[in-house]
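2 protein chains.
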Amino acid sequence: MTAAPIEIASPTPHKSSEVHAPSSQVVHFDATAPLHLACQQQLAPFSIAYQTYGTLNDSKSNAILICHALTGDQHVASVNPVTGKPGWWETLVGPGKPVDTARFFVICANILGGCMGSTGPASINPATGQPYGVTFPVITIGDMVEAQVRLIDHLGIDQLFAVIGGSMGGMQVLEWAARYKDRVFAAVPIATAAWHSSQNIAFHEVGRQAVMADPDWAGGNYYAVGKTPRNGLAVARMAAHITYLSEDALQRKFGRSLQDSSELTFSFRADFQVESYLRHQGSTFVERFDANSYLYITRAMDYFDLREGHGNVLANAFTGTKTRFCVVSFTSDWLYPTRESRAIVQALNAVAANVSFVEIDSNKGHDAFLLEEPTFFATIRGFLNAAALKRGFAPSADSTQ
Amino acid sequence: MTAAPIEIASPTPHKSSEVHAPSSQVVHFDATAPLHLACQQQLAPFSIAYQTYGTLNDSKSNAILICHALTGDQHVASVNPVTGKPGWWETLVGPGKPVDTARFFVICANILGGCMGSTGPASINPATGQPYGVTFPVITIGDMVEAQVRLIDHLGIDQLFAVIGGSMGGMQVLEWAARYKDRVFAAVPIATAAWHSSQNIAFHEVGRQAVMADPDWAGGNYYAVGKTPRNGLAVARMAAHITYLSEDALQRKFGRSLQDSSELTFSFRADFQVESYLRHQGSTFVERFDANSYLYITRAMDYFDLREGHGNVLANAFTGTKTRFCVVSFTSDWLYPTRESRAIVQALNAVAANVSFVEIDSNKGHDAFLLEEPTFFATIRGFLNAAALKRGFAPSADSTQ
Chain U
1 MTAAPIEIAS PTPHKSSEVH APSSQVVHFD ATAPLHLACQ QQLAPFSIAY QTYGTLNDSK
61 SNAILICHAL TGDQHVASVN PVTGKPGWWE TLVGPGKPVD TARFFVICAN ILGGCMGSTG
121 PASINPATGQ PYGVTFPVIT IGDMVEAQVR LIDHLGIDQL FAVIGGSMGG MQVLEWAARY
181 KDRVFAAVPI ATAAWHSSQN IAFHEVGRQA VMADPDWAGG NYYAVGKTPR NGLAVARMAA
241 HITYLSEDAL QRKFGRSLQD SSELTFSFRA DFQVESYLRH QGSTFVERFD ANSYLYITRA
301 MDYFDLREGH GNVLANAFTG TKTRFCVVSF TSDWLYPTRE SRAIVQALNA VAANVSFVEI
361 DSNKGHDAFL LEEPTFFATI RGFLNAAALK RGFAPSADST Q
Chain B
1 MTAAPIEIAS PTPHKSSEVH APSSQVVHFD ATAPLHLACQ QQLAPFSIAY QTYGTLNDSK
61 SNAILICHAL TGDQHVASVN PVTGKPGWWE TLVGPGKPVD TARFFVICAN ILGGCMGSTG
121 PASINPATGQ PYGVTFPVIT IGDMVEAQVR LIDHLGIDQL FAVIGGSMGG MQVLEWAARY
181 KDRVFAAVPI ATAAWHSSQN IAFHEVGRQA VMADPDWAGG NYYAVGKTPR NGLAVARMAA
241 HITYLSEDAL QRKFGRSLQD SSELTFSFRA DFQVESYLRH QGSTFVERFD ANSYLYITRA
301 MDYFDLREGH GNVLANAFTG TKTRFCVVSF TSDWLYPTRE SRAIVQALNA VAANVSFVEI
361 DSNKGHDAFL LEEPTFFATI RGFLNAAALK RGFAPSADST Q
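Note that the protein sequences, when read in sequence, are chains U and B.
Under my numbering, read the first sequence as residues 1 to 401, first letter to last.
Under my numbering, read the second sequence as residues 1 to 401, first letter to last.
Honestly, I wouldn't trust all of these hints.
It does not matter which identical chain is used: a pair holds within one copy or between any two.
[Claimed, not checked] Listed below are the simulated EDC-like cross-link pairs for lysine to aspartate or glutamate, each with C-alpha atoms no more than 20 Å apart in a straight line:
#1 K390 - D158
#2 K227 - D216
#3 K97 - E146
#4 K253 - D305
#5 K227 - D305
#6 K85 - E287
#7 K60 - D158
#8 K322 - E372
#9 K60 - D153
#10 K60 - D182
#11 K181 - D30
#12 K390 - D58
#13 K227 - D248
#14 K322 - D158
#15 K85 - E372
#16 K181 - E308
#17 K181 - D153
#18 K390 - D182
Don't read these hints as lab results, they were simulated from the structure.
Excised from the complex, chain U in its bound form:
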């Protein structure tokens, strides 16, 4: 019998050049403009790396901020500099697409805590000249939004036409709408929740423990010793990846199909396609993501509970909102199931907000928000067109779609 742990293709760690010199625009905020964090610490200096698509109009009223999910980045609609693959939402965002860059000015920033050029645990701490590692402060979804606010201020934009995001991106959308009621004309939280459930926290904790149990994590200082917790991060990604797919999607995609042979090998090799697929997901993730960023971002998600600071009543977070909301969920998403979206809709209804809610029939699980789902795309296109009319923009060529 041959044992076969994950085979990781190359010893190259996550491309650290993107951490320090991202292939996108970057805005640096110096020591005079610290970011006040929820943990009561201040972060300064700090940088936000971002991409833009389309043209900002003269009145600066056509900007759409797209917020990315846990392992996403600013390269929403153009080739990713690390993977060489298309942008993660290139099917949704672009000229003539549902988020039409011929019409809107689209901004997407790498989140605070990320590893694609915005300040995070892999960034150099100017006080020491070394990467922050675990001395980086624990951040929150609110902190990520505050960093984005700095970017939007920097761009001279008063009010965003829309803030759109799925999964953790949706959490940022909700924070934006709750904190900056006058600066968000329309908000589209997709496949998300207003607080992280016990099961969500549990899965993240497994991932963090897998990373921290890897000796190559080295107490978070793996940068200094030229290592990276490859195996731990790969296991974390594998566990998380299962939660991104529906059981039905796994069954249709892989079932019990064998990978290479017509018979079981009676070994621990990846006999089943689903094993091979997961191992691949784990090993490719390690190539593109910083392990400490994974710890910090999952922690921010676990800490997310929009009821906090609002008397533990979600509706209070939205009191007085004039924002138009479009809440989207997917039937087979068991990570952020429809009932989480309903809780958001109920809270919005309780304050008489302008809200539409669409549950998209899909068997693809949580991942559906990243895939080409016609009803989902039509929903986004229709909502943005309607909101654009309300905002006083001329109808687009395809506004009837």
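Given the coordinates of chain U, assemble chain B onto it according to the supplied hints.
This is chain B only, laid out in the frame that chain U set:
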């Protein structure tokens, strides 16, 4: 910020004394009676450690075999020698209990591949004088059943009155019923499936990769170097444990409650009760279970597909059966959901088998089969009483319950 990986209480590895000298009865099969395995290898000598409760009647017709799940053992209804805790099904099995040991002779054997006295990867390979480790052959659920058949033969029992098991125990029940139609009067597969789904395999693969990624696994030879892959096995257990509970159970049990403080600590400590709970599940499991056994048993479950060898049609596995079946599922079990039990029932109906099917309303998830669920207990009691009448046993005092 303080990072806090899993704290493991003591450096003592799994109590290896139970591997080599179990606190229960053991039957040894010598080199003249090898076990023919599905992988075409032969295993000899081999041992099966088992517990019995109650008294075998003169006609040897009142024996009930209980098959344990992935991390269970033979100590079904008496104190566990490793943990000091009550037997894992002591609420169900005992004098006057639904599986009434005042009436029935209950047998429970540690499965082949286990680490509580039956031959497994931690056992000494007589050919080398060293533990098998990963030279142990990859086994199947069918192999486990064949080993149990040897034990039942050894006890001189021709026909078992009943074979009962939940989860992986239920898979063994199905194999027994399919392979030994004349030797099983009644069969009770609980919270189980006739084949492992893609998602089931995926979760197991994550666990195996976590174990094998731990440097202390040492290619499976950790026994020789006096180590054990504690961190990897703990992570595997944590991931698996989430699948044993329903999301609802996690939410009710823990929600977002904090563990020690009234406020978030902005660290990677176990702020949330659910994190603390999972870490505890991980670290206590390591104290009682062999990591290689975990690899081999999860592999056997993944390999399980009762359709194989029957033209890929489950019903064919049961053709001609005279066994009385009681199939039980739980509404909130998402590891082996009710539809898996329905597939078994449909196959049994297709061959006109005598089958009753009960879906128990429970919000406790897969773990419900190990917990005191009144409707479940009443179901087992009622079914066994009815089957006993059919078998010609005198009614029990509580047969009306």
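Verification of the supplied hints:
For the identical chains of this complex, K390 and D158 are intra-copy neighbours only, at 18 Å inside a copy versus 80 Å across copies, given an alpha-carbon limit of 20 Å. Taking the closest pair of Cα atoms, K227 and D216 come within 20 Å of each other both inside a single copy (6 Å) and across two copies (18 Å). Neither within a single protomer nor between protomers do K97 and E146 lie at most 20 Å apart by alpha-carbon distance, with minima of 29 Å and 61 Å respectively. For the homomeric pair K253 and D305, the shortest alpha-carbon distance between copies (18 Å) is at most 20 Å, but the shortest distance inside one copy (34 Å) is not.
When the C-alpha separation of K227 and D305 is checked against a cutoff of 20 Å, the pair qualifies neither within a copy, at 34 Å, nor between copies, at 41 Å. Only within a single protomer do K85 and E287 lie at most 20 Å apart by alpha-carbon distance; the minimum there is 13 Å, versus 45 Å between protomers. For the homomeric pair K60 and D158, the shortest alpha-carbon distance inside one copy (8 Å) is at most 20 Å, but the shortest distance between copies (85 Å) is not. Taking the shortest Cα distances, K322 and E372 never come within 20 Å of each other, neither inside one copy (30 Å) nor across copies (51 Å).
In this assembly of identical chains, the alpha carbons of K60 and D153 lie at most 20 Å apart only when taken from the same copy (12 Å versus 84 Å across copies). When the C-alpha separation of K60 and D182 is checked against a cutoff of 20 Å, the pair qualifies only within one copy, where the shortest distance is 15 Å, while the shortest distance between copies is 81 Å. When the C-alpha separation of K181 and D30 is checked against a cutoff of 20 Å, the pair qualifies neither within a copy, at 27 Å, nor between copies, at 78 Å. When the C-alpha separation of K390 and D58 is checked against a cutoff of 20 Å, the pair qualifies only within one copy, where the shortest distance is 18 Å, while the shortest distance between copies is 87 Å.
When the C-alpha separation of K227 and D248 is checked against a cutoff of 20 Å, the pair qualifies neither within a copy, at 38 Å, nor between copies, at 40 Å. Proximity of K322 and D158 under a CA criterion of 20 Å is satisfied intra-copy only: 15 Å inside one chain copy versus 77 Å between copies. Taking CA atoms no more than 20 Å apart as the test, K85 paired with E372 passes inside one copy only; the shortest distance there is 16 Å, against 52 Å between copies. Within a single copy, K181 and E308 get their C-alpha atoms as close as 17 Å, which meets the 20 Å cut-off; across copies the closest is 60 Å, which misses it.
For the homomeric pair K181 and D153, the shortest alpha-carbon distance inside one copy (15 Å) is at most 20 Å, but the shortest distance between copies (76 Å) is not. Proximity of K390 to D182 under the C-alpha cut-off of 20 Å is restricted to the intra-copy arrangement: shortest distance 15 Å within a copy versus 75 Å between copies.
In summary, the structure is inconsistent with hints 3, 5, 8, 11, 13 from the numbered list given earlier, while agreeing with the others.
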